[in-house]
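Participant: Model the full assembly from the supplied sequences, consistent with the hints where possible.
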Amino acid sequence: MLKYVLKRVSLLIPTLIGVATLVFAMVALSPGDPARVMLGERANKAQLEKLRSELGLDRPLIEQYGIYMKNMAQFDFGESIKTGRKVSEEIKELYPATIELAFFAMLFATTLGIIIGVLSATRRNTWIDYTSMVGALFGVSMPVFWLALVLMMIFSVGLNWFPTGGRINIRYYFEAITNFYILDTLIYWVRDGDPKFLISSLKHMILPAVALGTIPLAIIARVTRSSMLEVLKQDYVKTARSAGIAEKRVVYRYALKNALLPVVTIIGLQFGLLLSGAILTETIFAWPGIGKWIYKAIEARDYPAVQGGVLVIATSFVLINLVVDILYSIVNPKIRLQ
Amino acid sequence: MERSADRLPPIGKQLDVPDEPTFLQESIHQLRRNKAAIAGLIVIALFLFVGIFAPVISPHNPLEQTISMRKAPPFTEGYLLGTDSLGRDMLSRLIYGARISMIIGVVSVGIALIFGLLIGVVSGYYGGWFDKLVMRIIDIMLAFPYVLLTIVIVAILGASLTNAMIAIGISQIPRYVRLVRASVLAEKESDYVTAERSIGTSNFELMFGSILPNCLAPISVQATLGVGEAILSSAALSFLGLGAQPPTPEWGLMIASSREFITSAWWIVTLPGIATLFAVLGFNLFGDGLRDILDPKLRD
Amino acid sequence: MKKAFNVLLIFLLAFTVFAGGQQDAGQAEVEAAEESTEGPQSGGVLVFGRGGDSVGLDPARETDGESFYATTQIFDNLVEFKNGTTEIQPALAKSWDISDDNLTFTFHLVEDATFHDGTPFNAEAVVFSLGRQLWEDHPYYDLGPWKYWGYMDMSNIVEDIVAVDEYTVRIDLQKVEAPFLANLAMDFAAMVSPTAVEKYGEDFKSNPVGTGPFKFVSWQKDSNIVLEKNENYWRRPAYLDRLILQVIPDPTARYLALQKGEIDVLDFPSPEDIEDMKADPDIKVIQQPGLNVGYLAMNTQKEPFDDKRVRQAFNYAINKDEIIEAVFGSAGTPAKNPLPPTMWSYNDSIEPYPYDPAKAKELLAEAGYPDGFETDLWAMPVARPYFPDGRKVAEIMQAQLKEIGVEAEIVSYDWGTYLDRTDSGEHETALLGWTGDNGDPDNFLFVLLSAAAAEVPAGNIAFWKDEEFNELIIEAKETFDRERRTELYMEAQEVFHEEAPWVPVAHSIVSEPMQPNVMNFKLSPVGKRVFYSVWLDQ
Numbered sequence: 083m084l085k086y087v088l089k090r091v092s093l094l095i096p097t098l099i100g101v102a103t104l105v106f107a108m109v110a111l112s113p114g115d116p117a118r119v120m121l122g123e124r125a126n127k128a129q130l131e132k133l134r135s136e137l138g139l140d141r142p143l144i145e146q147y148g149i150y151m152k153n154m155a156q157f158d159f160g161e162s163i164k165t166g167r168k169v170s171e172e173i174k175e176l177y178p179a180t181i182e183l184a185f186f187a188m189l190f191a192t193t194l195g196i197i198i199g200v201l202s203a204t205r206r207n208t209w210i211d212y213t214s215m216v217g218a219l220f221g222v223s224m225p226v227f228w229l230a231l232v233l234m235m236i237f238s239v240g241l242n243w244f245p246t247g248g249r250i251n252i253r254y255y256f257e258a259i260t261n262f263y264i265l266d267t268l269i270y271w272v273r274d275g276d277p278k279f280l281i282s283s284l285k286h287m288i289l290p291a292v293a294l295g296t297i298p299l300a301i302i303a304r305v306t307r308s309s310m311l312e313v314l315k316q317d318y319v320k321t322a323r324s325a326g327i328a329e330k331r332v333v334y335r336y337a338l339k340n341a342l343l344p345v346v347t348i349i350g351l352q353f354g355l356l357l358s359g360a361i362l363t364e365t366i367f368a369w370p371g372i373g374k375w376i377y378k379a380i381e382a383r384d385y386p387a388v389q390g391g392v393l394v395i396a397t398s399f400v401l402i403n404l405v406v407d408i409l410y411s412i413v414n415p416k417i418r419l420q
Numbered sequence: 038m039e040r041s042a043d044r045l046p047p048i049g050k051q052l053d054v055p056d057e058p059t060f061l062q063e064s065i066h067q068l069r070r071n072k073a074a075i076a077g078l079i080v081i082a083l084f085l086f087v088g089i090f091a092p093v094i095s096p097h098n099p100l101e102q103t104i105s106m107r108k109a110p111p112f113t114e115g116y117l118l119g120t121d122s123l124g125r126d127m128l129s130r131l132i133y134g135a136r137i138s139m140i141i142g143v144v145s146v147g148i149a150l151i152f153g154l155l156i157g158v159v160s161g162y163y164g165g166w167f168d169k170l171v172m173r174i175i176d177i178m179l180a181f182p183y184v185l186l187t188i189v190i191v192a193i194l195g196a197s198l199t200n201a202m203i204a205i206g207i208s209q210i211p212r213y214v215r216l217v218r219a220s221v222l223a224e225k226e227s228d229y230v231t232a233e234r235s236i237g238t239s240n241f242e243l244m245f246g247s248i249l250p251n252c253l254a255p256i257s258v259q260a261t262l263g264v265g266e267a268i269l270s271s272a273a274l275s276f277l278g279l280g281a282q283p284p285t286p287e288w289g290l291m292i293a294s295s296r297e298f299i300t301s302a303w304w305i306v307t308l309p310g311i312a313t314l315f316a317v318l319g320f321n322l323f324g325d326g327l328r329d330i331l332d333p334k335l336r337d
Numbered sequence: 036m037k038k039a040f041n042v043l044l045i046f047l048l049a050f051t052v053f054a055g056g057q058q059d060a061g062q063a064e065v066e067a068a069e070e071s072t073e074g075p076q077s078g079g080v081l082v083f084g085r086g087g088d089s090v091g092l093d094p095a096r097e098t099d100g101e102s103f104y105a106t107t108q109i110f111d112n113l114v115e116f117k118n119g120t121t122e123i124q125p126a127l128a129k130s131w132d133i134s135d136d137n138l139t140f141t142f143h144l145v146e147d148a149t150f151h152d153g154t155p156f157n158a159e160a161v162v163f164s165l166g167r168q169l170w171e172d173h174p175y176y177d178l179g180p181w182k183y184w185g186y187m188d189m190s191n192i193v194e195d196i197v198a199v200d201e202y203t204v205r206i207d208l209q210k211v212e213a214p215f216l217a218n219l220a221m222d223f224a225a226m227v228s229p230t231a232v233e234k235y236g237e238d239f240k241s242n243p244v245g246t247g248p249f250k251f252v253s254w255q256k257d258s259n260i261v262l263e264k265n266e267n268y269w270r271r272p273a274y275l276d277r278l279i280l281q282v283i284p285d286p287t288a289r290y291l292a293l294q295k296g297e298i299d300v301l302d303f304p305s306p307e308d309i310e311d312m313k314a315d316p317d318i319k320v321i322q323q324p325g326l327n328v329g330y331l332a333m334n335t336q337k338e339p340f341d342d343k344r345v346r347q348a349f350n351y352a353i354n355k356d357e358i359i360e361a362v363f364g365s366a367g368t369p370a371k372n373p374l375p376p377t378m379w380s381y382n383d384s385i386e387p388y389p390y391d392p393a394k395a396k397e398l399l400a401e402a403g404y405p406d407g408f409e410t411d412l413w414a415m416p417v418a419r420p421y422f423p424d425g426r427k428v429a430e431i432m433q434a435q436l437k438e439i440g441v442e443a444e445i446v447s448y449d450w451g452t453y454l455d456r457t458d459s460g461e462h463e464t465a466l467l468g469w470t471g472d473n474g475d476p477d478n479f480l481f482v483l484l485s486a487a488a489a490e491v492p493a494g495n496i497a498f499w500k501d502e503e504f505n506e507l508i509i510e511a512k513e514t515f516d517r518e519r520r521t522e523l524y525m526e527a528q529e530v531f532h533e534e535a536p537w538v539p540v541a542h543s544i545v546s547e548p549m550q551p552n553v554m555n556f557k558l559s560p561v562g563k564r565v566f567y568s569v570w571l572d573q
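Residue numbers (the working numbering), protein chains in the order written: chain A, 83 to 420; chain B, 38 to 337; chain C, 36 to 573.
Hints may be right or wrong, so weigh each one.
[To be verified] FRET-style restraints, in silico, Cβ to Cβ: (1) A:Pro277 <-> C:Ser459: 55 to 65 Å; (2) A:Asp140 <-> C:Thr521: 42 to 52 Å; (3) C:Glu233 <-> A:Ser170: 19 to 29 Å; (4) A:Ser170 <-> C:Glu506: 47 to 57 Å; (5) A:Ser170 <-> C:Val252: 45 to 55 Å.
What the hints contain is simulated information worked out from the structure, not anything from laboratory work. A virtual CB, placed ideally from N, CA and C, is assigned to each residue, including glycine.
Facilitator: Right, here's the structure in full:
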């Protein structure tokens, strides 16, 4: 087991170096001059040259790459060209918002997805099954950002049930503690006995989480269904049935446990993918997370910020996949032998 | 849009290929019985038709502005689906959007297929350092979430529709490489390949004449699903301003520029999204159906 | 005889003062009307919903409006723009003397101001705040780049800054520069606490300390900046207890937030929504013509735009009303001059080119292009106050130019590249615009149209070098007499009109929708948002 984990982890390093190199290539090759973006309509030549040399943009590419890799190795992403603040600090401030959003999106997708999947499988070829699976197909065929807009149009504009964006009611004298607002507002509730903060942050969470969670929801429902169908065909299920164990018990006690194995992998993968799907959702719901921030950084040619942000997401993605693989290999030892 | 079929757990193993003619006949027979696949095929055919004959069937020029008719709601006379914020006919823009989306889907998947198959076959057949290098690069590419990878590539190439297609194509390469490589590895040592090699068939013929055709079934499933995915990705890129540029009637771009109308003109927001939804749905239905048909293990 | 002359002089003087003061009288009336109902009330939280986050909070370091929205409340300057105007009034300098050669300014400072961290405000603080931008060997020069200082060319204007005594500062100039005092009212010339800069160094931009009516409390990246009333302000304290600058990027979302009462003041509404807002009794909309201009520059160094007739033809071919209707809604007025109408010396007697495609075709034919030609049309990728949607403007122009046989291909890059390439002259025609910073016509005509600004990287992206025009604006730059300057600028605008290096398209009208209980909010022509005197009717 340990050997498998070590092997997986050691494979991680060249991958991450490759990722870092690709990100460097991205900014080095892309058109657009950050000095120009920073100075805007009013720049003069001397200012431009000075700023370029301050940013190290006038050095040979290979030298820039060397400096870059050295800094990356020390987790130093440099300073944002736009704000002049440390990129790592900005990421620290923004990443919790994205993780929180992805977490709740996943929570929504997993709970509902498994329920729908199991219901469809156990009631195969009924209207429940058909509706769910057609719904799931619609779910994976939809542009996320469009869904987000439509949800906003219906539930915020039309019905006025939810706010249109942000993380908490702006007027509250609220100061973040951990930057995970749901957690923070829970602390407020426990500490001050006032649940209004928690209620507000939950209300702000619902629409973005639903929009972001719809695709994983559809995928999880489909996978749960097919995996469940597979398991229900297995001998031990048939044996259990023939032994006279109640159908409910067979389904939930025996079959579901085994059917969830592939679902776990999917959940892990989808969680990683959500981090980048957040780019679109965050833009629409004014969610102050890393996705929107990366997008703006690309627009502003803020090289260090883009590098830092993309690296952090790619690394998280790789790590989540690694953890899922290891977890999977623990539950299913056959994998390790391959 | 984050969905990528090669990341789904294999629902069955790769095909065990029976004798070809009977398999093909059997497949067509299965296709006839698979309602979902038929529905998908019809939807695809419809969008293809609309796309190809866009100039003939669209009532207006999609770029023609009638400023005095801005934001006319659907069923306004002369504008069945209303007009957008510059008074351009929504229906005509959607029709031309179908043409653009079909092109995007086909071109992106074409790029992915050509490179994916080539690299996959060569890498699987010869192995060695080339194979190792390819697999390393693929690992790196897969370390990026799909959307982020396309964004990164477009950022390198510059924002335009052509570059968006290239970026989507490149991002889809890894799945074909893996698929093809795996089946090449399996087939390489099989009896019939060994036999053919012994009678002096060249490597090239072996790779592209004998081995490759045997994995066309899973590839066609993958490619069908890939078209839908490419349409979604290009819409997302355009939404972020990294794909098609105005005044192109691309669906994602139309949604992006509709944001300010969610309080005032619902049709500008919803229609392009619905068009995208159905186009992608068509490919997903057909792709799913194709998988059921071509994968005997899933047949009941 | 002499006496009669004196009387005449006094009469004339009185007349000019009256004429000059007219506009302000109107403003004062509104003020009086608003405040007479029931005096200003203290207290309350005001949420200002805006489109983007501040970049940083060191006013000398930043260049974007979003940063200044916050710093304006935290910092004071020696002199300031009278709220809602471009007129200069005393602030931290209670008065000043100007030497006869116009080269030495002596400022007398207020004596009871302190920074939020307790540091007293004095002459040393003035020397520190400006000196760190001027002297390259200043210990805090490296915290720059001091971009705005550079934009205003201050290093070539200021010779020396000297603390004469505790509360007197002298600034020596290298040359006569009429707009100098206006420059000192701009955000970059704000007074910062020397102790705080020493304490925070690089991080001063996240921990701003000034003398202003509001103190900095917290900054949640991409979300909000919270400011609190400074109870020890050297003038009357602000009315608001707390001011929150909230980021809501999408204009429609901001509108919804205003309707739901989530925010009190909405910055930068979508032009599409303004009519609805005005019709809504629960929303108060304050409007003011912005100090800006959006234009189509034609590269006069390239064929066929080196021909005046072609440039004039473009002016006839473009239907500004159509562009304004589709892009600005009610938030724009057609432009005929490079100066905005609110600017002094705006030449209103100029007759704009009418929309006349036939005449345009005629001119093209005369110039040797009876069938038109192909060209490019560069469109800005971002929303700016002068063009809320550059691409949309380009799309409409493209259609209009087609009418006279000109096929224009729309070209667009990311913002940085766009600026880079346009000011090195790669375009044939390009959309761009300008927002005035200091309320001086020089800030438009010299920066955007002088021969000096046609050097790469050019501010003058028409690359237009007209001798007559340049003589006029340079003389105006070195003259202190406002009347003479007005004459010169009026004449320069006539030259501009005839030579037509641009198609001036529009001046946007700045609209600020807000809750009806937000009182005494004034828009500033130079784009500031000042909350010092704003109060909430509760």
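Participant: Hints first: check each against the structure and report whether it holds.
Facilitator: Going down the list of hints, with the structure as the test:
In this structure, Pro277 (chain A) and Ser459 (chain C) meet the distance hint of 55 to 65 Å, their C-beta atoms being roughly 59 Å apart. Between Asp140 (chain A) and Thr521 (chain C) the CB atoms are about 45 Å apart, so this pair conforms to the stated range of 42 to 52 Å. Between Glu233 (chain C) and Ser170 (chain A) the C-beta distance comes to about 25 Å, which sits within the given range of 19 to 29 Å. Taking 47 to 57 Å as the suggested C-beta distance range, the pair Ser170 (chain A) and Glu506 (chain C) conforms, at roughly 55 Å.
The supplied range of 45 to 55 Å is broken by Ser170 (chain A) and Val252 (chain C), whose beta-carbon atoms lie about 24 Å from each other.
Taken one by one, the earlier hints fail for this structure only at number 5.
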